[in-house]
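**Q** In case you want the letters, here they are:
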Amino acid sequence: MKTNPGRFFEDYRLGEVIVHAVPRTLSGGERALYHALYPARHALYSSDEFARGCGLAAAPMDDLIAFHTVFGKTVPDISLNAVANLGYAEGRWRHPVWPGDTLRSQSEVIGLKENSNGKSGVVYVRTRGLNQTGEVVLDYVRWVMVRKRNLDLPAPAPVVPELKKSVAPGDLIVPEGLDFSNYDFALAGEGHRWGDYALGEKIDHVDGVTVEEAEHMLATRLWQNTAKVHFDATNREDGRRLIYGGHVISLARALSFNGLANAQLIVALNAGAHANPCFSGDTVRAWSEVLDKAETAAPGVGAIRLRLVAVKQGGAEFALKGADGKYLPEVLLDLDYWALMPL
Amino acid sequence: MKTNPGRFFEDYRLGEVIVHAVPRTLSGGERALYHALYPARHALYSSDEFARGCGLAAAPMDDLIAFHTVFGKTVPDISLNAVANLGYAEGRWRHPVWPGDTLRSQSEVIGLKENSNGKSGVVYVRTRGLNQTGEVVLDYVRWVMVRKRNLDLPAPAPVVPELKKSVAPGDLIVPEGLDFSNYDFALAGEGHRWGDYALGEKIDHVDGVTVEEAEHMLATRLWQNTAKVHFDATNREDGRRLIYGGHVISLARALSFNGLANAQLIVALNAGAHANPCFSGDTVRAWSEVLDKAETAAPGVGAIRLRLVAVKQGGAEFALKGADGKYLPEVLLDLDYWALMPL
Amino acid sequence: MKTNPGRFFEDYRLGEVIVHAVPRTLSGGERALYHALYPARHALYSSDEFARGCGLAAAPMDDLIAFHTVFGKTVPDISLNAVANLGYAEGRWRHPVWPGDTLRSQSEVIGLKENSNGKSGVVYVRTRGLNQTGEVVLDYVRWVMVRKRNLDLPAPAPVVPELKKSVAPGDLIVPEGLDFSNYDFALAGEGHRWGDYALGEKIDHVDGVTVEEAEHMLATRLWQNTAKVHFDATNREDGRRLIYGGHVISLARALSFNGLANAQLIVALNAGAHANPCFSGDTVRAWSEVLDKAETAAPGVGAIRLRLVAVKQGGAEFALKGADGKYLPEVLLDLDYWALMPL
Numbered sequence: 001m002k003t004n005p006g007r008f009f010e011d012y013r014l015g016e017v018i019v020h021a022v023p024r025t026l027s028g029g030e031r032a033l034y035h036a037l038y039p040a041r042h043a044l045y046s047s048d049e050f051a052r053g054c055g056l057a058a059a060p061m062d063d064l065i066a067f068h069t070v071f072g073k074t075v076p077d078i079s080l081n082a083v084a085n086l087g088y089a090e091g092r093w094r095h096p097v098w099p100g101d102t103l104r105s106q107s108e109v110i111g112l113k114e115n116s117n118g119k120s121g122v123v124y125v126r127t128r129g130l131n132q133t134g135e136v137v138l139d140y141v142r143w144v145m146v147r148k149r150n151l152d153l154p155a156p157a158p159v160v161p162e163l164k165k166s167v168a169p170g171d172l173i174v175p176e177g178l179d180f181s182n183y184d185f186a187l188a189g190e191g192h193r194w195g196d197y198a199l200g201e202k203i204d205h206v207d208g209v210t211v212e213e214a215e216h217m218l219a220t221r222l223w224q225n226t227a228k229v230h231f232d233a234t235n236r237e238d239g240r241r242l243i244y245g246g247h248v249i250s251l252a253r254a255l256s257f258n259g260l261a262n263a264q265l266i267v268a269l270n271a272g273a274h275a276n277p278c279f280s281g282d283t284v285r286a287w288s289e290v291l292d293k294a295e296t297a298a299p300g301v302g303a304i305r306l307r308l309v310a311v312k313q314g315g316a317e318f319a320l321k322g323a324d325g326k327y328l329p330e331v332l333l334d335l336d337y338w339a340l341m342p343l
Numbered sequence: 001m002k003t004n005p006g007r008f009f010e011d012y013r014l015g016e017v018i019v020h021a022v023p024r025t026l027s028g029g030e031r032a033l034y035h036a037l038y039p040a041r042h043a044l045y046s047s048d049e050f051a052r053g054c055g056l057a058a059a060p061m062d063d064l065i066a067f068h069t070v071f072g073k074t075v076p077d078i079s080l081n082a083v084a085n086l087g088y089a090e091g092r093w094r095h096p097v098w099p100g101d102t103l104r105s106q107s108e109v110i111g112l113k114e115n116s117n118g119k120s121g122v123v124y125v126r127t128r129g130l131n132q133t134g135e136v137v138l139d140y141v142r143w144v145m146v147r148k149r150n151l152d153l154p155a156p157a158p159v160v161p162e163l164k165k166s167v168a169p170g171d172l173i174v175p176e177g178l179d180f181s182n183y184d185f186a187l188a189g190e191g192h193r194w195g196d197y198a199l200g201e202k203i204d205h206v207d208g209v210t211v212e213e214a215e216h217m218l219a220t221r222l223w224q225n226t227a228k229v230h231f232d233a234t235n236r237e238d239g240r241r242l243i244y245g246g247h248v249i250s251l252a253r254a255l256s257f258n259g260l261a262n263a264q265l266i267v268a269l270n271a272g273a274h275a276n277p278c279f280s281g282d283t284v285r286a287w288s289e290v291l292d293k294a295e296t297a298a299p300g301v302g303a304i305r306l307r308l309v310a311v312k313q314g315g316a317e318f319a320l321k322g323a324d325g326k327y328l329p330e331v332l333l334d335l336d337y338w339a340l341m342p343l
Numbered sequence: 001m002k003t004n005p006g007r008f009f010e011d012y013r014l015g016e017v018i019v020h021a022v023p024r025t026l027s028g029g030e031r032a033l034y035h036a037l038y039p040a041r042h043a044l045y046s047s048d049e050f051a052r053g054c055g056l057a058a059a060p061m062d063d064l065i066a067f068h069t070v071f072g073k074t075v076p077d078i079s080l081n082a083v084a085n086l087g088y089a090e091g092r093w094r095h096p097v098w099p100g101d102t103l104r105s106q107s108e109v110i111g112l113k114e115n116s117n118g119k120s121g122v123v124y125v126r127t128r129g130l131n132q133t134g135e136v137v138l139d140y141v142r143w144v145m146v147r148k149r150n151l152d153l154p155a156p157a158p159v160v161p162e163l164k165k166s167v168a169p170g171d172l173i174v175p176e177g178l179d180f181s182n183y184d185f186a187l188a189g190e191g192h193r194w195g196d197y198a199l200g201e202k203i204d205h206v207d208g209v210t211v212e213e214a215e216h217m218l219a220t221r222l223w224q225n226t227a228k229v230h231f232d233a234t235n236r237e238d239g240r241r242l243i244y245g246g247h248v249i250s251l252a253r254a255l256s257f258n259g260l261a262n263a264q265l266i267v268a269l270n271a272g273a274h275a276n277p278c279f280s281g282d283t284v285r286a287w288s289e290v291l292d293k294a295e296t297a298a299p300g301v302g303a304i305r306l307r308l309v310a311v312k313q314g315g316a317e318f319a320l321k322g323a324d325g326k327y328l329p330e331v332l333l334d335l336d337y338w339a340l341m342p343l
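Residue numbers (the working numbering), protein chains in the order written: chain L, 1 to 343; chain B, 1 to 343; chain H, 1 to 343.
Check before you lean on any hint, since a few could be wrong.
Identical chains share a label here; the pair holds if one copy fits it or two copies do between them.
[Said to hold, decoys possible] Here are the computed lysine-lysine pairs in the BS3-like style, where the Cα-Cα straight-line distance is at most 25 Å:
id : residue 1 : residue 2
1  : Lys293    : Lys165
2  : Lys326    : Lys148
3  : Lys119    : Lys228
4  : Lys2      : Lys202
5  : Lys202    : Lys148
6  : Lys164    : Lys148
7  : Lys113    : Lys148
No lab work stands behind these hints, which were simulated from the structure alone.
The task is simple: from the sequences and hints, build the whole structure.
**A** Here is the structure:
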């Protein structure tokens with residue numbers, strides 16, 4: 001057979017490094033599409049001039065363009081037969097991605113644990129995105145539940161990696177040259193700065209976006225993510241196409257501009273859960289909670305740790321979990337990340 | 001509260017200059033999307049080679065890309081709480097916008113007039129779009145009806161600016177270097193030139209485009225226009241998303257290629273009315289009327305003043321107004337602009 | 001009348017060369033949109049680095065971007081009044097198209113044959129796509145059935161060109177510098193090489209894409225194809241918009257990555273039939289058959305002749321024709337092309 005059947009649980013070996021296919025050169029075209037697909041307005045990613053005023057050579061590609069591009073390449077090898085995308089940890093953006101850069105991805109298998117039912121198992125990978133010079137621009141740990149093909153095979157020795165609950169402030173990487181000393185708050189669209197956000201503060205981002213099939217498919221294809229369930233209406237019994245979880249991440253992040261316009265750069269992904277599936281016709285909203293704050297060595301640059309929650313229509317304000325500790329059905333995403341913000 | 005509630009009528013002061021947020025660098029990506037979103041075919045904006053044959057360094061960005069980009073930035077400050085977009089006047093394109101340019105916007109409040117009901121008022125602004133060197137690339141006057149938040153506040157002294165009915169031919173700005181002496185009519189797609197159009201002549205542009213939700217949302221987001229009513233199906237009681245009026249302008253302008261392919265550059269916006277709302281599923285058509293003609297100092301370059309009318313399915317030929325002087329329900333747009341055309 | 005009514009059968013003269021309007025400069029924007037519109041993953045068109053490893057200066061634009069751009073320009077002159085798009089032959093890609101190139105098209109009428117009903121006729125044209133230096137980047141023969149306007153006019157002397165069943169291997173043009181000696185099969189996403197494909201072998205490409213109205217209209221507009229039937233839901237009695245046949249070609253070609261990821265460059269179009277119409281909501285799948293193989297003079301580069309068949313939901317495996325020799329109703333496309341593949 002010449003087509004890719006995807007890997008099953010028994011196909012992964014601890015320590016192996018999987019080179020993912022189809023490197024990708026990014027340009028202003030991907031940036032323009034990102035602005036068309038998401039209500040993205042963070043000034044640093046929108047304007048070369050604004051970025052220069054912050055000490056960068058030009059506007060980098062949105063951090064989530066880098067994430068989606070790196071992630072998309074892993075799908076044929078990691079999640080084609082995945083039953084569930086279970087979590088993220090230890091994600092760090094290490095170098096900005098510029099128009100013209102070519103990204104490729106590779107993943108190391110760092111954990112394997114068969115489920116007690118013997119029908120599936122959890123695969124842990126550390127994925128690295130590299131640019132054309134071999135620099136790691138982004139890495140993160142992700143774990144997925146994958147089916148076994150041959151149920152008779154014995155379970156491998158279980159290995160579950162120890163993962164940090166969140167990236168420590170001292171491990172955050174600030175892009176070289178970043179300087180918020182002369183930050184233009186008027187052009188950024190928001191007067192509130194790092195000192196104005198209090199631990200535990202919650203912000204309702206107000207706006208909502210009703211999602212169409214064409215939009216999430218354009219986005220998901222753009223990242224060369226090939227999972228059938230996003231594109232093929234005959235794949236699920238209910239005839240619905242499941243929206244790529246990353247599409248919801250980008251929607252929520254873009255909506256968070258309204259209240260967090262100065263949370264300019266995403267530098268770490270601490271954790272993330274796709275709490276419930278999102279479908280065409282859903283109206284996505286978002287809220288954030290300030291989880292932590294830290295200083296950095298860069299001039300004028302503070303770090304803020306945020307919980308970003310995406311919900312769909314019908315959710316109560318700041319909806320998250322029920323009395324049973326489980327996510328409410330209207331919650332789509334619970335993401336924990338670090339961003340950089342002017343002091 | 002950290003989110004933007006938008007301004008209300010009492011928040012505007014005569015003479016104040018509002019700096020709009022989120023500057024934007026444009027590239028070939030925005031141009032490609034413009035071609036995908038609208039049936040745009042004017043050769044000067046499609047081909048670097050054709051533009052060089054007309055004395056320009058390369059193909060500029062479509063004039064309406066400049067307009068939408070500048071306009072979109074004003075929405076959070078001017079029209080987030082607007083009840084209606086009442087009119088445009090004195091619009092002039094002053095410099096071409098090239099790929100790589102970064103645009104920002106600012107608006108001066110030039111008029112304020114509370115309505116007799118005491119619940120809302122009309123705000124007049126002159127908006128300027130500037131590039132990275134500080135040149136004004138475009139300016140125009142727009143007036144909107146905005147709600148009052150505090151109905152108890154007294155009305156300001158009414159000031160209504162005197163606005164020209166149309167930009168005088170002598171005030172039109174022809175891009176530096178433009179020369180239609182060697183214009184290639186075959187490659188432009190139309191043999192008719194300036195002399196072939198008669199005052200009062202009406203042209204039915206024949207083609208129609210049925211609009212989808214995904215398309216108008218992609219477009220409106222691309223211009224970073226954040227008005228909720230375009231994106232959130234839960235915002236209106238009828239569950240419909242209102243299509244951004246500028247989307248209809250671009251559709252109609254692109255459709256006008258069929259009959260006005262040589263009306264290459266838009267240089268002035270004299271007036272404009274969004275006569276009726278447009279919704280997904282509407283099939284948009286367009287017709288034009290020649291309102292005026294003028295010569296310019298540039299070689300081979302004439303100016304033509306056009307009424308561009310967009311209608312939806314079910315309209316009679318050249319539908320505009322009823323016996324009562326009001327726009328017919330199938331009329332979406334009535335736009336009055338100057339374009340440049342080869343002699 | 002200033003609008004284009006399109007040409008009718010009696011308007012074509014044998015030997016005339018029609019210069020098509022609206023040259024087009026392509027950029028990374030069109031490439032990004034291509035990746036968003038189709039699940040395109042062939043590495044040579046995705047990555048500048050990968051292309052350099054194959055001896056090219058950078059990643060060329062996808063061969064089908066070149067085809068659609070050249071084809072789209074011909075529509076107002078060739079197929080606006082076409083009843084049917086009957087066939088393709090003798091298509092060759094002669095030079096890669098790079099970002100920044102400007103394409104224009106011209107067609108020579110090489111055959112005319114009125115139908116026996118006297119109401120329509122077949123027009124054969126050889127279309128050439130040229131870049132800004134005048135190089136032919138692509139040419140192909142296409143024939144369409146066009147209505148007569150004046151049924152009283154006499155039939156022209158019938159001329160039917162002799163067309164090759166397929167481009168001979170010796171006539172294939174390999175891009176200058178192409179060298180697959182150091183081809184990276186891991187990054188290409190497929191371990192199978194030229195020698196692994198057997199004559200007569202059939203490959204089911206597995207994946208499916210359900211098509212939305214917004215998607216095919218964005219694509220078709222991007223190529224500046226103006227045929228009403230693709231955009232105007234009021235045009236057909238059933239209210240459906242017919243999907244541009246080229247959209248199905250690109251979908252099927254992109255889907256064929258899964259099994260033919262190393263069929264990198266399309267160098268010839270031998271034949272093609274749009275067997276049945278495609279509409280929004282259809283789920284498109286594809287399969288391929290190896291028709292022929294040949295060597296080339298370029299290092300490490302083989303040629304493979306493929307039949308690419310697109311089908312919609314409900315088709316049997318490798319569905320093609322019924323016992324009556326006619327295409328089955330679920331078959332959308334039957335395309336015969338040559339591609340280049342590493343030895």
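**Q** Which of the numbered hints above does this structure break?
**A** Those not satisfied are hints 2, 5, 6.
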